[in-house]
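Protein chains: 2
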Amino acid sequence: MKKFVNDPKDYVSEMLEGLALANPDTLKYVPEYNLIMRADAPQENKVSIVQGSGSGHEPAHVMTVGKGMLDAACPGDVFSAPPTDFVYETVKLVASPKGVLLLVNNYTGDRMAFEMAQELSEAEGVAVRTLFIDDDVAVQDSTYTVGRRGVAGNFFVMKAVGAAAERGADLDEVHRIGEKVNSVTRTMGMALTACTPPAKGSPLFDLPDDAVEMGVGIHGEPGRKREKLQPADAMVGELVSAVVDDLPYTSGDGVALMVNGLGGTPIGELYLVYGRAHKQLVERGIEIRRSYVGEYCTSLDMAGASVTLVRLDDEISDLLADPAEIPIRVF
Amino acid sequence: MKKFVNDPKDYVSEMLEGLALANPDTLKYVPEYNLIMRADAPQENKVSIVQGSGSGHEPAHVMTVGKGMLDAACPGDVFSAPPTDFVYETVKLVASPKGVLLLVNNYTGDRMAFEMAQELSEAEGVAVRTLFIDDDVAVQDSTYTVGRRGVAGNFFVMKAVGAAAERGADLDEVHRIGEKVNSVTRTMGMALTACTPPAKGSPLFDLPDDAVEMGVGIHGEPGRKREKLQPADAMVGELVSAVVDDLPYTSGDGVALMVNGLGGTPIGELYLVYGRAHKQLVERGIEIRRSYVGEYCTSLDMAGASVTLVRLDDEISDLLADPAEIPIRVF
Chain A
1 MKKFVNDPKD
11 YVSEMLEGLA
21 LANPDTLKYV
31 PEYNLIMRAD
41 APQENKVSIV
51 QGSGSGHEPA
61 HVMTVGKGML
71 DAACPGDVFS
81 APPTDFVYET
91 VKLVASPKGV
101 LLLVNNYTGD
111 RMAFEMAQEL
121 SEAEGVAVRT
131 LFIDDDVAVQ
141 DSTYTVGRRG
151 VAGNFFVMKA
161 VGAAAERGAD
171 LDEVHRIGEK
181 VNSVTRTMGM
191 ALTACTPPAK
201 GSPLFDLPDD
211 AVEMGVGIHG
221 EPGRKREKLQ
231 PADAMVGELV
241 SAVVDDLPYT
251 SGDGVALMVN
261 GLGGTPIGEL
271 YLVYGRAHKQ
281 LVERGIEIRR
291 SYVGEYCTSL
301 DMAGASVTLV
311 RLDDEISDLL
321 ADPAEIPIRV
331 F
Chain B
1 MKKFVNDPKD
11 YVSEMLEGLA
21 LANPDTLKYV
31 PEYNLIMRAD
41 APQENKVSIV
51 QGSGSGHEPA
61 HVMTVGKGML
71 DAACPGDVFS
81 APPTDFVYET
91 VKLVASPKGV
101 LLLVNNYTGD
111 RMAFEMAQEL
121 SEAEGVAVRT
131 LFIDDDVAVQ
141 DSTYTVGRRG
151 VAGNFFVMKA
161 VGAAAERGAD
171 LDEVHRIGEK
181 VNSVTRTMGM
191 ALTACTPPAK
201 GSPLFDLPDD
211 AVEMGVGIHG
221 EPGRKREKLQ
231 PADAMVGELV
241 SAVVDDLPYT
251 SGDGVALMVN
261 GLGGTPIGEL
271 YLVYGRAHKQ
281 LVERGIEIRR
291 SYVGEYCTSL
301 DMAGASVTLV
311 RLDDEISDLL
321 ADPAEIPIRV
331 F
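Each protein sequence line maps, in turn, to chains A and B. Letter by letter, the first sequence follows residues 1 to 331 in the UniProt record's numbering. Letter by letter, the second sequence follows residues 1 to 331 in the UniProt record's numbering.
Next up, chain A with everything else stripped away, as it sits in the complex (with noise of 0.2 Å):
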């Protein structure tokens, strides 16, 4: 294994510590719950968002705390939920007067941690709502999933809550955005090679040279099927057509599409893949109105990347458009 890493227990830790060390003015690291809050969160007026899930996935969802999107991260270690009571202590810390908008990516562990913790957090008169994020066409049930899986998409909710509650939206109303965004998202990555978690320290799974895994999930879950390498082209035109098929999207609509990578694809293979993805959307008679392209929601060190469709209408966009304060600076 050959990665940045001290103790490897230490991988999450140590991250988040110079995540908070390289945020002094915006964010607050609280080690005994492993969470990176704003640093003046909670804000009275407005919904709290509270987003968790494993980590491995930089810059989700750690690195996207900051007004106009998240009020906190709890994430667990590499590939795990967080525990129920980190959850619970960090809606604690954030908890609005107006309340608590919790976003989970559909994985099992995930949503009972979270629903533990609202339940929890509910007995001591916090109002809280969860918000399941299900976007990844590639299969129906997976490894960990009961449903969809929840991915890159996920990005799009965080935006539009985010904004929705810095607007002063209430929590019902940030609640519906959150679930009108997720309804209109739909993605599919693949990978052309697997991760490796800093405590395993060997590749999660064996991925021949001449294959890919397309529809791979975030944790190197099988995807619908391992297939050759072929032409950018061509496993572009998969990804888009599996994409596109299922919501479905079709000739007149206005569209975002991010093109995001999975954690070992340089960024100018990025592009040439939005690029592609771009034109073959375009011979569609879909209209793409915004873009999006770099890493987003990753898998560790997994060369791959995802496509993502949002169906715009008014009130998405212009949520889409308002400002956001992250440390990575991606919309």
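Hints may contain errors.
Copies of the same chain are indistinguishable here, so a pair counts whether it falls within one copy or spans any two.
Unchecked claim - Distance condition first, Cα-Cα at most 27 Å in a straight line; then the derived DSS-like pairs of lysine-lysine: (1) Lys200 - Lys2; (2) Lys9 - Lys228; (3) Lys279 - Lys2; (4) Lys28 - Lys98; (5) Lys2 - Lys180; (6) Lys28 - Lys279; (7) Lys9 - Lys279; (8) Lys98 - Lys200; (9) Lys67 - Lys28; (10) Lys67 - Lys98.
Bear in mind the hints are in silico, worked out from the structure with no lab data behind them.
Fit chain B to the supplied structure of chain A, relying on the hints for placement.
Just chain B, lined up with the frame of chain A:
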């Protein structure tokens, strides 16, 4: 080779096409000369800033074109200097009455192309100055270089001269600022793995599973030494010591600290590296006033990182704080 690529000879042009498609309002792609320029260049009332280099270092430099940074970037093929006539055509396209500043990382091929383009442009009456960047402390001369190499510290020069130009500074003043920033900027990087150019299809050099290249160049050039893989603290310590001792940076200095990923290292590891470097610098009495973590100047898919320090004064701090509008929002 596992990459998102069609015909490797189209790698750069397809990447640039994707970049332009993702930024239709702000960027223009000129395929004849392989260049990316601001859609609104030239601006009559400001010095135009141009940088070129081999491709494969993205986001440098095609993704740093925009208000407050570059007016144009003219990349060559992967790891190859741009042809002189492409640089010359770029200068003509963005020439402003206030002149053009050419930024060149110090590699022999790039120097030749830009010096000749400057002569050709001056013969046509364009006021041109050229500034060479050589922040890499690893080695004195190198495979493609007489004198030190220019690497990620280049971003601070780009940002400062871009800001000064937007404020209306004249060509001599913009050049003075660039020279000053370069003179207080130092970088060293290290590779955990080699990189694979698309046209070669295999790794550019061999690096055993238990070895790292300390002081590597961004084209895979040899560094100071090949050594055993160590825990992050020890490897970061070597980078920090080499950089600090070179200028040298001393107790009481206020600095900008950049941790730059070389393409294949995920952002989580980069923040871990940042945290370790930050603490080591604080122990030396150095005050970190500005922080940069992410990918700035890469080497295709190489796993590795570099550490850059800039000694700040009020003038440099002020320029670095100015806004910039570029595709990747790193500043």
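Evaluation of the provided hints:
Within a single copy, Lys200 and Lys2 get their C-alpha atoms as close as 12 Å, and across copies as close as 23 Å, so both meet the 27 Å cut-off. For the homomeric pair Lys9 and Lys228, the shortest alpha-carbon distance between copies (21 Å) is at most 27 Å, but the shortest distance inside one copy (36 Å) is not. Taking the shortest Cα distances, Lys279 and Lys2 sit within 27 Å of each other only across copies (23 Å), while inside one copy they are farther apart (37 Å). Taking CA atoms no more than 27 Å apart as the test, Lys28 paired with Lys98 passes inside one copy only; the shortest distance there is 22 Å, against 45 Å between copies.
Proximity of Lys2 and Lys180 under a CA criterion of 27 Å is satisfied in neither setting, with 42 Å inside one chain copy and 37 Å between copies. Proximity of Lys28 and Lys279 under a CA criterion of 27 Å is satisfied inter-copy only: 17 Å between copies versus 42 Å inside one chain copy. Proximity of Lys9 to Lys279 under the C-alpha cut-off of 27 Å is restricted to the inter-copy arrangement: shortest distance 19 Å between copies versus 44 Å within a copy. When the C-alpha separation of Lys98 and Lys200 is checked against a cutoff of 27 Å, the pair qualifies neither within a copy, at 42 Å, nor between copies, at 58 Å.
Taking CA atoms no more than 27 Å apart as the test, Lys67 paired with Lys28 passes inside one copy only; the shortest distance there is 13 Å, against 32 Å between copies. Within a single copy, Lys67 and Lys98 get their C-alpha atoms as close as 16 Å, which meets the 27 Å cut-off; across copies the closest is 39 Å, which misses it.
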